[in-house]
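Colleague: The lines below spell out each chain.
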Amino acid sequence: MKKPPFTTLVSRAVVLPADDVDTDQIIPARFLKGTQKTGLGQVLFADWRSRPDFPLLQPSAAGAKILVTGNNFGCGSSREHAPWALVDFGFRAVIARSFADIFKGNATKNGLLPVALPEAACVRLELAIKANPALELTVDLDKERVSLPEGGWISFSIDPFAKHCLASGLDELGYILGFADRIKAYEQR
Amino acid sequence: MPRTLFDKIWDAHVVAEEAGRPAVLYIDLHLVHEVTSPQAFAGLAERGLEVHRPDRTVATMDHSIPTNGLPIADDAARTQLRTLAENCAKHGITLYDAESTNRGIVHVIGPELGYTQPGMTVVCGDSHTSTHGAFGALAFGIGTSEVEHVLASQCLLQRKPKTLEVRFEGALREGVSAKDLVLAMCAELGVGGATGHVIEYTGPAIRALDMEGRMTVCNMSIEAGARAGMIAPDETTFAYLRGRPHAPKGAAWNAAIERWRDLRTDEGAQFDRTVIIDATRIAPMITFGTNPGMGIPVTARVPSPDDAGPGERAALAKALLYMGLTAGEPLLGKKVDVVFIGSCTNARISDMRAAAAVMRGKKVAPGVRVLVVPGSQDVKRAAEAEGLHEVFRDAGAEWREPGCSMCIAMNGDMIEPGQYAVSTSNRNFEGRQGKGGRTFLASPETAAAAAITGKVTDARTLVGGAS
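So the sequences go chain by chain: A and B.
The opening position of the first sequence corresponds to residue 451 in our numbering, with each subsequent residue numbered one higher.
The opening position of the second sequence corresponds to residue 16 in our numbering, with each subsequent residue numbered one higher.
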């Protein structure tokens with residue numbers, strides 16, 4: 451069950467200026483009563499959508515595949531509906547100061563690349579995007595770097611196995627099942 | 016080489032580990048509920064895979080199930096619950112369904128039925144799985160893809176997290192509970208302060224807690240961002256487990272105890288980090304903001320963004336705006352609309368007793384809605400055997416069927432926009448208890464006190480003699 455491989459992403463970006471964005475904001479629990487993982491983009495940030503200044507619904511944000519945000523993104527609930535909703539909305543990468551553990555793991559399993567960058571780099575990106583919403587960023591997974599608005603690159607790091615899975619579209623379950631004999635042996639100790 | 020409790024459990028569960036790859040970690044107990052499992056079962060079906068160890072998988076209905084009894088009016092919830100029932104029947108998984116006399120919140124029934132045991136690895140598609148760490152288990156929440164992995168293989172791919180010792184020196188003061196202790200820790204560490212770490216709680220204040228208090232503490236480990244929280248098992252743990260339906264019996268029990276006694280951090284073992292908190296200084300706590308790290312003593316004033324560090328100023332200002340609070344105002348005396356006593360944090364029998372002790376013989380303040388939701392049918396029966404339901408009902412509170420209820424507001428129980436609730440649950444995120452609702456997290460004692468006075472109240476001033 452391979453997923454489309456993640457290579458290099460070139461896209462405009464939208465800035466969500468908030469820290470500790472929890473998964474209850476990304477998708478409120480009342481939208482978790484389904485049994486499918488599709489179609490959740492329309493309730494992404496459902497309770498923030500009515501705010502007139504909500505960045506994701508500004509015309510300039512249309513088509514942006516990169517979200518730029520604060521620290522500890524995705525904290526709280528383990529709901530994988532959060533990355534499902536982000537991906538369904540159109541995002542392929544989230545650039546943040548830091549990520550919550552469960553969200554980060556859930557994101558990479560759904561082809562959504564979590565990119566943690568230092569505060570200063572995030573601020574530079576945010577200012578540049580604010581000045582020019584049409585600015586395109588390049589997220590280069592292979593070289594683990596993001597283009598800077600004034601030219602040049604900033605590096606990020608990613609777990610090598612998560613990178614391998616994203617880049618190849620490899621599915622983790624296939625990898626685990628490759629150890630079926632070892633699992634059986636473990637169970638028979 | 017001396018090892019931590021975490022290291023011992025981790026080492027015992029690594030099935031395989033290739034260079035540069037995460038470990039293949041064996042999972043002893045997989046807990047399943049209706050919300051985060053349907054897509055995992057569907058994935059399994061798409062691949063034509065079976066559940067590898069249905070005997071190590073236990074399911075319950077808690078999140079979307081209503082707490083006002085059957086039948087279930089909500090079509091979506093009914094479909095989700097039926098889907099779980101079908102999946103469990105198809106794969107031979109034990110399910111505590113809507114009519115089961117042992118059904119309840121997954122993190123209440125796991126320990127209660129003796130499924131959760133020291134030294135185990137326990138996972139569930141739910142971040143509050145950390146609760147089970149109270150037994151000296153390595154227990155953590157996972158996403159739905161990982162639920163599918165565990166269903167198919169009983170294993171997960173995991174990088175070894177770092178370890179964080181949180182040591183509580185001294186004893187808690189009279190009138191201060193396990194919930195206050197963990198809210199104080201969340202305030203100290205911050206909502207992301209333990210990210211990437213497994214916490215081991217140590218120190219005399221932890222040892223003095225009963226199992227239900229320890230579960231309350233471990234439950235909220237995730238609210239500081241921790242991967243898991245754990246407490247080494249001791250006589251308190253063994254006494255709790257002895258005789259539980261799924262705990263070992265006879266000779267197996269004696270052998271288990273021998274094994275479990277070794278489950279503690281060795282003298283000289285190194286944690287990646289240690290934080291020491293003076294338990295004697297912890298007061299009854301309450302949150303004022305929109306994450307569990309924004310907590311203060313119930314008698315304190317709302318902090319000012321001006322006094323916060325530059326990194327926290329904007330978040331604090333945003334939180335106060337959402338909560339409709341002003342910097343410097345006291346929370347004591349703040350009018351509340353709803354009181355919720357329940358959730359995987361505080362819906363066990365000791366929580367019911369603590370709330371009932373405050374409410375006994377008193378009436379709920381006019382205009383306040385009070386929901387008391389036991390964590391399981393077992394808790395409900397135990398509470399009713401003691402007459403606690405009459406205490407709550409006589410006071411004017413609603414006594415409901417078990418479930419996650421108002422903690423997650425996806426089952427019909429919720430607060431209205433703008434309303435204030437004092438809740439014994441674990442999250443005060445924007446809209447967590449209903450769109451536009453405002454949550455103050457606190458202990459059962461503090462919540463019950465608010466029910467009686469209709470205001471944020473220091474329970475010690477109500478019950479008298481406690482302070």
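Because the hints were derived from the structure by calculation, they are not lab data.
Check before you lean on any hint, since a few could be wrong.
Stated by the list, open to error - Dumping the calculated DSS-like pairs for lysine-lysine here, alpha-carbon to alpha-carbon at most 30 Å: (1) B:K450 x A:K515; (2) B:K175 x A:K453; (3) A:K613 x A:K634; (4) B:K105 x A:K453; (5) A:K483 x B:K450; (6) B:K177 x A:K634; (7) A:K634 x B:K450; (8) A:K453 x B:K350; (9) B:K23 x A:K634; (10) A:K634 x A:K483.
Said to hold, decoys possible - If we take Cβ atoms under 10 Å as the criterion, some of the chain B residues that face chain A in the derived model are: (11) R36; (12) L171; (13) A241.
Heads up, the beta-carbon is just placed ideally off N, CA and C, and yes, glycines get one too.
Colleague: Take the hints in turn and mark each one as holding or not.
Modeller: Verification of the hints:
About 28 Å separates the Cα atoms of K450 (chain B) and K515 (chain A), which keeps this hinted pair within 30 Å; it holds. The straight-line distance between the Cα atoms of K175 (chain B) and K453 (chain A) is roughly 26 Å, inside the 30 Å bound, and the hint therefore holds. Taking the CA atoms of K613 (chain A) and K634 (chain A), the gap is near 28 Å; set against the 30 Å cutoff, the hint holds. Between K105 (chain B) and K453 (chain A) the CA atoms are separated by roughly 28 Å; this keeps the pair inside 30 Å, and the hint holds.
The suggested pairing of K483 (chain A) with K450 (chain B) holds, with an alpha-carbon distance near 16 Å, which does not exceed 30 Å. A C-alpha spacing of about 28 Å is found between K177 (chain B) and K634 (chain A), which places the hinted pair at or below 30 Å, so the restraint holds. With a C-alpha separation of about 47 Å, the suggested pairing of K634 (chain A) with K450 (chain B) is violated against the 30 Å cut-off. Note on K453 (chain A) and K350 (chain B): the hinted pairing is violated, with a Cα-Cα distance of about 52 Å set against a maximum of 30 Å.
Among the hinted pairs, K23 (chain B) with K634 (chain A) is consistent with the structure: their alpha-carbon atoms are about 21 Å apart, no more than 30 Å. Distance check on the hinted pair: K634 (chain A) and K483 (chain A) sit about 36 Å apart at the alpha-carbon level, beyond 30 Å; violated. Because the closest C-beta pair between R36 (chain B) and chain A is about 5 Å apart, less than 10 Å, the hint holds. Against a cut-off of 10 Å between C-beta atoms, the interface hint on L171 (chain B) holds, since the closest Cβ of chain A lies about 8 Å away.
With 10 Å as the threshold, the beta carbon of A241 (chain B) comes within range of chain A, its nearest partner Cβ sitting at about 8 Å, so the hint holds.
Comparing the model with each numbered hint stated earlier shows that hints 7, 8 and 10 do not hold.
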